[in-house]
Amino acid sequence: MEFDFQTGVAFGVLAVVLVYLANRFIVKPLRNSQASSDHKCGPGCKCGD
Amino acid sequence: MNKEPLSIALVGNPNTGKSTIFNALTGLRQKIANYPGITVERKVGTTIIGGVLHKVIDLPGAYSLNYKKLDERIAYETLIGSYEHEEVPDLVLVVVDSSNLDRNLYLASQVMDLGIPVMLVLNMTDVAEGKGIKINPDLISSSLGIPVVAISAKNKTEIEKLKGEISNFDLSKPEALKWNPDDSLKEAMDLLINDWIKLHTDIPDRAQAIEALRLISEGDFKDAFYTFEDEGKGRATIRKAQQIIEQGGGNPMAAEVLLRYNFIGESTSEAATHSAQSEVSITDRIDAFVTHKVAGPVIFTLVLLFMFQAIFSWATPFMDMIDLLFVEGGNWVANTLPDGMLNDLLVDGVIAGLGGVVIFLPQILFLFFFIYILEGTGYMARAAFVMDGFMTKVGLHGRSVVPLMSGFACAIPGIMATRTIENWRDRIITIMVLPFMACSARLPVYALMIAAFIPSTTVLGIFTLQGITFFGLYIFGIVMAVFAAVVMKRIFPTGQQTPFIMELPAYKMPKWSVVFQNTAERGKVFITEAGKIIVAISIVLWFLASFPKTEMPQVVQSESTEYDSSFDITENPESYQLRHSFAGRFGKMIEPVIEPLGFDWKIGIGLITSFAAREVMVGTLNTIYSIEEEDGESSTLKEKLINDVNPETGKPVYSIATAISLMIFFALAMQCMSTIAIVKRETNSWKWPTAMFVYMTALAYISSFIAFQIGSNL
Ligand SMILES: Nc1nc2c(ncn2[C@@H]2O[C@H](COP(=O)(O)OP(=O)(O)OP(=O)(O)O)[C@@H](O)[C@H]2O)c(=O)[nH]1
Ligand SMILES: [Mg+2]
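Sequence order for the protein chains is A and B.
Just so you know, our numbering puts 35 at position 35 of the first sequence, and the rest follows in order with no gaps.
Just so you know, our numbering puts 338 at position 338 of the second sequence, and the rest follows in order with no gaps.
These are calculated hints, taken from the structure and not from any lab test.
Keep in mind that a hint or two might mislead.
Taking lysine-lysine pairs in the DSS-like style, the calculated list, with each CA pair at most 30 Å apart, reads [claimed, not checked]:
# : chain 1 : residue 1 : chain 2 : residue 2
1 : B       : 161       : B       : 173
2 : B       : 161       : A       : 28
3 : A       : 28        : B       : 687
4 : B       : 31        : A       : 28
Computed from a predicted structure; not experimentally measured.
Produce the complete structure using the sequences and hints provided.
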């Protein structure tokens, strides 16, 4: 496989996309799940159970 | 003139038009619909009045400050100033439905006791007029002692009038306890305030009376709203306060209610007049049919059936157009760009992936268009009412119905809407079954399978087998949700039921601008949100399906030795390459697991990518099939699926049994990361989302297995 201009761009795109996906599906959800619910918990429940 | 920036809170009973006013003031687009319990979160926006930027807060509706449910509690906490360290609003607009004045003023009279400036907004004056109710705002204003504006939030100039009143208001505080609690009630309140609230809570002085009244009528804490050590003492104090009222001849649960209603009755007796004729309203006449024991469910079923049939047939011409656009666009790019890797990536990865999904945009738009009409007219509330009868029969809570119905659009708002359920266990059960409701992300998968494998035979003149199957999948979702809830209820009994009373709002003409805007908004979200993920995944997939590069061995190409030669091997080099790519090898590896469900490795890859979002399945299939296709050919995904042949057996990959098994899998499996995340957030634990993922996916696997085995042996 020779390495021409198109191949270069294609792999560049792949790199950008991988970063996007990692951010969307790994970094962000992890950060969001750290932040707790905007309310402590449902009525009648014990928090954190 | 108010020159200082204010924070203005919108408070009121459910379905009185708070969010409509909020949207008109801020230019934002909070969800509005003609049934109670739409807003379940606090939303903040800004508005400019007379050159000053004010903050506006939209709150969930509440019937009273004696909150019972999470959504009501948010309103309460905001007003007493204990909501997540947010400041107390400087001004409260109590929004009331003018056609139902007395009941609405109950909350207003409570808010007036909080020591915050209050303005009364008599909304829906147009509806009141239609009912023959005449209201004199000035009289109400003088008897309550707060400013009153009468508006119809649908009317722009009246919103300007509201802005004017806000800017002219001197922010004087209303007189607290104007409704005159009697001596024993006063004594009971003082006792609670001095012996408990002041010592053990940080509720500010101005809100202590309201908190005392809440505790007296509740008789208990019910939930750990604030932290305290001496719970036993608190209970004893509440009990003592209740006894004071009982000794005075009153009923602790009702004392406040009676006195407030007396006060309200006096304030409005002169100010609001009904014109004499009390004929049966149009709403009542329609409801006699629509909520009828027998006719109701029949009408509900017919409405859904028509809706799904229409979605299926009306969208077709538009879908064909989009399809053509993408095929032609792909060809154009393929021919214009010089040959190379980027060319292939664009055509087979990006364009094929996106095109596979965008084609379903018309159906999505029609789906939401119908949903918004049902919500805007108020029919959704009747549908919930009809379902409620059925739900309570199987032992479920009626309050679950509205959240379940919102699951038709997407599980996430539905899960948020469970905040309107008081009982924590009922709430959890509703959350756990909600993802069975057929959300719009499943639509592309259902539609593709139906279009390809279900014949379009006409049934009963106006319906087609395809439309009915489509409708059947939605019903299947409802039935599974109810069934799962019944089972869970057996396992975790939720104790006694609090009766559920749902207010049926008067029918209204939907606000068309809102319907169209919201529908367009949904289309935009579908394209941008799902689109981004689909393009990204298609690109990655294209790489995985294109590497490593393998040459097809000559011997296989010319004369079949590896395969059974009883049929003609037509495998092309592209297909051979695909099967030996990373994606192909991985797919082959997992194939044994999904083979019993009737799925081949390509579907397997689609199942995996669809965990990012269900729609991605369709984009993935289109990408894989486009890579496999010989250059120059171009057919629609539907045709590719129908024509796909398993090179090892020579049989078509898809049969009706496969299609049904796949639809059942998508109906039942938990394939949505965003739902998992929201369940984690709402329940504050990983326990529930994990359980949800496991039981739903297991159920999907088993059901698809059974369906395929039965289907393929018929
Ligand atoms: N005719 C008429 N309809 C109105 C008016 N204001 C609001 N509506 C309609 O009333 C319904 C309820 O409006 P919302 O703004 O969602 O009410 P809400 O108070 O935010 O409701 P919750 O969030 O459930 O508490 C919608 O169908 C609105 O279009 C009005 O002044 N006149
Ligand atoms: Mg609202």
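Hint check:
1. Between the alpha carbons of residue 161/B and residue 173/B the distance comes to roughly 21 Å, so the proposed pair stays at or under 30 Å and holds.
2. Restraint check: the Cα-Cα separation between residue 161/B and residue 28/A comes to about 43 Å, which exceeds 30 Å; the hinted pair is violated.
3. Annotation: proposed proximity of residue 28/A to residue 687/B holds, straight-line Cα distance about 20 Å (limit 30 Å).
4. With a C-alpha separation of about 25 Å, the suggested pair residue 31/B and residue 28/A falls inside the 30 Å cut-off, and the hint holds.
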